[in-house]
Amino acid sequence: MWEIQAIFEGAETEGKIAVLYLGWNSEHMYDVDVEWFREHYKRVYDIAEARNKFVEVLKKKVSDKEKKALIELEQCMTLDLQYDCSNRYWFLQDLTYFHSKIQQDNGLGNVHYMCIFRIN
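For the sequence shown, this note's numbering assigns the number 783 to the initial residue and increments by one for each residue that follows.
Don't read these hints as lab results, they were simulated from the structure.
Treat the hints with caution; some may be incorrect.
To be verified - The calculated DSSO-like cross-link candidates involving lysine-lysine, where the alpha carbons are at most 30 Å apart (straight line), are: (1) K841 <-> K883; (2) K798 <-> K835; (3) K850 <-> K883; (4) K824 <-> K841; (5) K847 <-> K835; (6) K835 <-> K824; (7) K883 <-> K849.
To be verified - Label pairs and their calculated CB-CB ranges: (8) S868 <-> E848: 18 to 28 Å; (9) D887 <-> K847: 34 to 44 Å; (10) D887 <-> E796: 33 to 43 Å; (11) W784 <-> K847: 29 to 39 Å; (12) I884 <-> N834: 19 to 29 Å; (13) N807 <-> C897: 16 to 26 Å; (14) W818 <-> S845: 37 to 47 Å; (15) G797 <-> L890: 29 to 39 Å; (16) S868 <-> Y803: 16 to 26 Å; (17) W806 <-> R870: 28 to 38 Å; (18) K843 <-> N807: 26 to 36 Å; (19) R870 <-> V844: 10 to 20 Å; (20) S845 <-> L804: 32 to 42 Å; (21) F880 <-> Y812: 19 to 29 Å.
Every value quoted in this text rests on a predicted model; they were computed, and no experiment measured them.
For each residue, glycine too, the CB sits at the ideal point set by N, CA and C.
Modelling step: build the complete structure from the supplied sequences, incorporating the hints.
In structure tokens, the structure reads:
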């Protein structure tokens, strides 16, 4: 079984989540049943839920619509972003995963990197 790097809302089918497996390209995310995932990968699901709660609070604090849309990408995947493998977003997802692994190995909490500025 492949290790899971991240999960996102916005799967193409209702009741499913988009799953990014470690080492896989973002173009190859798979939609997985939410209930099945929650049962089999509770820790990953709970970490994503904590991230989503943080994102909801952050969105309420930001008035700029463009920044708010960039923040929403942290929880809800879009097809444009999924197929833009060179986007800085994916670099930050990798950093988030690997730095969180180091933290977990040392009994510490997870890290989550976000970029809320559009870089052209």
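Quick rundown of the hints versus the structure:
Taking the CA atoms of K841 and K883, the gap is near 26 Å; set against the 30 Å cutoff, the hint holds. Pair hint K798 plus K835 holds up; C-alpha atoms about 19 Å apart against a cutoff of 30 Å. With a C-alpha separation of about 28 Å, the suggested pairing of K850 with K883 holds against the 30 Å cut-off. Restraint check for K824 and K841: satisfied, since their Cα atoms lie roughly 25 Å apart, inside the 30 Å limit.
Our distance criterion of 30 Å between C-alpha atoms is met by K847 and K835, whose separation comes to about 19 Å. Simply put, K835 and K824 have alpha-carbon atoms about 16 Å apart, close enough for the 30 Å limit, and the pair holds. A C-alpha spacing of about 28 Å is found between K883 and K849, which places the hinted pair at or below 30 Å, so the restraint holds. The beta-carbon spacing between S868 and E848, approximately 20 Å, falls within the hinted interval of 18 to 28 Å.
At roughly 39 Å, the beta-carbon separation of D887 and K847 lies within the given 34 to 44 Å, and the hint holds. At roughly 36 Å, the beta-carbon separation of D887 and E796 lies within the given 33 to 43 Å, and the hint holds. For W784 and K847, the Cβ-Cβ distance of about 36 Å falls inside the hinted range of 29 to 39 Å, so the restraint holds. Taking 19 to 29 Å as the suggested C-beta distance range, the pair I884 and N834 conforms, at roughly 23 Å.
Against the hinted window of 16 to 26 Å, the Cβ-Cβ separation of N807 and C897 comes to about 19 Å, which satisfies the hint. Separation of W818 from S845 is about 38 Å and conforms to the stated range, judged on CB atoms against 37 to 47 Å. Evaluation of the 29 to 39 Å hint for G797 and L890 yields a pass: the beta carbon distance comes to about 34 Å. For S868 paired with Y803, a C-beta distance near 19 Å keeps the hint of 16 to 26 Å intact.
A C-beta distance of roughly 18 Å is found between W806 and R870, which places it outside the suggested range of 28 to 38 Å. A hinted range of 26 to 36 Å for the beta carbons of K843 and N807 is consistent with their spacing of about 33 Å. At roughly 19 Å, the beta-carbon separation of R870 and V844 lies within the given 10 to 20 Å, and the hint holds. For S845 and L804, the hinted distance range of 32 to 42 Å is satisfied, since their beta carbons lie about 36 Å from each other.
Distance hint for F880 and Y812: a CB-CB separation of about 21 Å, consistent with the stated range 19 to 29 Å.
The earlier numbered hint that this structure contradicts is number 17, and it is the only one.
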